[in-house]
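Trainee: So you can see what is in the structure, the chains are spelled out below.
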Amino acid sequence: MDQLFYGIKALSISQVIMFLIGGLLIYLAIKKEYEPMLLLPIGFGAILANIPFSSAIGDEGFLTLLFKAGILTELFPILIFIAVGAMIDFTPLLQQPFMLFFGAAAQFGIFFTMAMAALFGFDLKEAASIGIIGAADGPTSIYVATKFARHLLAPISVAAYSYMSLVPIIQPPVIKLLTTPAERRIRMKPEFNVKISKTVQILFPIVTTIIAGIIAPISVALVGSLMFGNLIRVSGVLDRLSKAAQNELANLVTLLLGITIGSTMTAEQFLNPSTLLIIAMGLVAFVFDTAGGVIFAKILNLFLKNKINPMIGAAGISAFPMSARVIQKLAQKEDPANFVLMQAVGANVAGQIGSIIAGGLILTLVK
Amino acid sequence: MIEFTKDLAESMKTAFLGMGITILSLYLLSLLLDLIRVVFHNPASKQKSEPLPAPDREEVPPQQRTEEGEWEELVAVITAAISSYLQKPTDRIKIGFIRRIHERTPIWGMESRLNPME
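Keeping their order, the protein sequence lines are chains G and Z.
First residue of the first sequence: 27, per this note's numbering; consecutive thereafter.
First residue of the second sequence: 3, per this note's numbering; consecutive thereafter.
Honestly, the hints are just simulated from the structure, not real lab data.
It is possible that part of the hints are untrue.
With the Cβ distance kept under 8 Å, some of the chain Z side facing chain G (calculated, not the full set) [what the hints assert, rightly or not]:
1) 29
2) 36
3) 40
4) 94
Glycine residues also receive a C-beta, built at the ideal position from the N, C-alpha and C atoms.
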C-alpha cells in the first residue's frame, strides 16, 4: 500500500509552489500569448521536473538526457541560431548600415546589469550570465549561462524569454521618459528604397562572421550558425534547406529546448532569493538597453543634420520584430502619418548581431 | 570583501571594454557594408527599377478623362475602399490628402500601412 502513496508522501510545499509557477507560465503562454512557443514547454517541463521521484529527470530521465545532449553541449542554442538566421531578412540593415550603431548602443543594459549584479554579490561569471539577459535573445542567454553559471540557467532563461514577451510593456514608459513629443514626431528620410544586390546579400553573412570571429573568436559558434542560416536563405539555391531550417528545425528544437529548460526548474534550484534578484536584474537589463539606445540616438542628433527619431535607438535590442513594432506604434501615436518601421526594423536586426557580439565579448573578457 | 571588490572592479572593466568593443566592431562592420555596397553597386539595377513609361494615353477616349472628374472618381473609390476595410460608414471618414507612395515599398513598409497598430 505504501507503494501507492509514496509519491504523495514525498510531495513538499516547495514542489507544489513549483507546480503553481509552471501553471502560471502555461497560463501566460495560453491566455496572454507571452512567447507561447517557449513558456508553455518551460512551464510543463517545470511540472515534470518537480513531481516526486519523477522518471522524466534523473540519470535515465529523458529530460536529463536532452539536457546533457542539447544544452550542455550547446547544441540546441546553435541549432536555433541556424533557424533564426534562415528566418531573418537583413535587407533593412543592408540598406541602412548606419543602424548598426543602435544595435551596439542598445546592448548597454547587458554591461550595466553585469556591474549591478556584481554589486549585489554575484561572482563575476554569474554576474555576466545575468547581464546577458539584456541581450534580449534567448539562445545567447542560454549559451552564456551554460558556460558560466549552469546552476542559474533556469531563472536566466525564464527571465530572458518572459521579458522578451513583455517588450511592449517595458519599452514605452522608458522611451516616453527620455524623449519629448517633438522628438517622437521626428520623421526620418527614407533610405530603404536602395536596391541591394544579391552579391552584397551573400557577402554580408560571410564578412560578418569573419569580423566577429576575429574580434571574439569564442563567438564564432553563435555568429557563424546565425550567418550560416542566413547564407542558406540568401543563396537562392538552397530553398529546401532554408525552408527546413525556418520550419522543421526551428519548431523541433524550440519544442525540445523549452521543455528541457523547464526541467532545470527544480524547487531546490529555483526557489531561492537569488532567483527573485535575477528576475529583477533582467528587468533592469531591458530598461537600460532601451535607455542606452535612446540616449545614444539623442547624442548623435547633436551632430547630425538630418535628425534621427531617438525612439529608433530603442529598437536596437534583439527582441525581433516586437521592438520595431512597438517603436512604430509609438511614432504613429504622436503622428499618424509618421512611418519609421523600416528604420526600426533595421536597428532591430542590427540588435541581433550586436547581442551576439556582446555575448561573445563577455565570454572572451570574463575569466 | 577583497574578492567582492575585485569582482566589482573586474565587472566594471569588462563593461567598459565590452561596450566599447561592441560599438567599434559594429562601426567597422557598417563601414565595410558601405564599402561592399559601393564596390558591388550595379547601375544597371537602378535603371531597371526606374518606373515604366506611362501607358499610351490614346487608348482612353479623351472625353472620359476630364481631370476633375477623374480625381472625384479616384477619391470616391479610395473612400469606398477605406470604408469597407475599416467597416465604417463613408460619412465618418474624412480624406485629408491623397499622395502616391513608393511603388517599391518593402514588405515591412506595406505591413505598417496595411496593419496600423492600435
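Trainee: Against each hint, give a clear statement of whether it holds in the structure.
Mentor: Results of checking the hints against the structure:
Given the 8 Å rule on beta carbons, the hint for residue 29 of chain Z holds: about 7 Å separates it from the nearest Cβ of chain G. The interface hint given for residue 36 of chain Z is met, as the beta carbon of that residue sits about 6 Å from the closest beta carbon of chain G, less than 8 Å. Interface hint status for residue 40 of chain Z: violated, as the beta-carbon distance to the closest one in chain G is roughly 10 Å, over 8 Å. Violation of the interface hint for residue 94 of chain Z is found here, the shortest Cβ-Cβ separation to chain G being roughly 16 Å, above the 8 Å cut-off.
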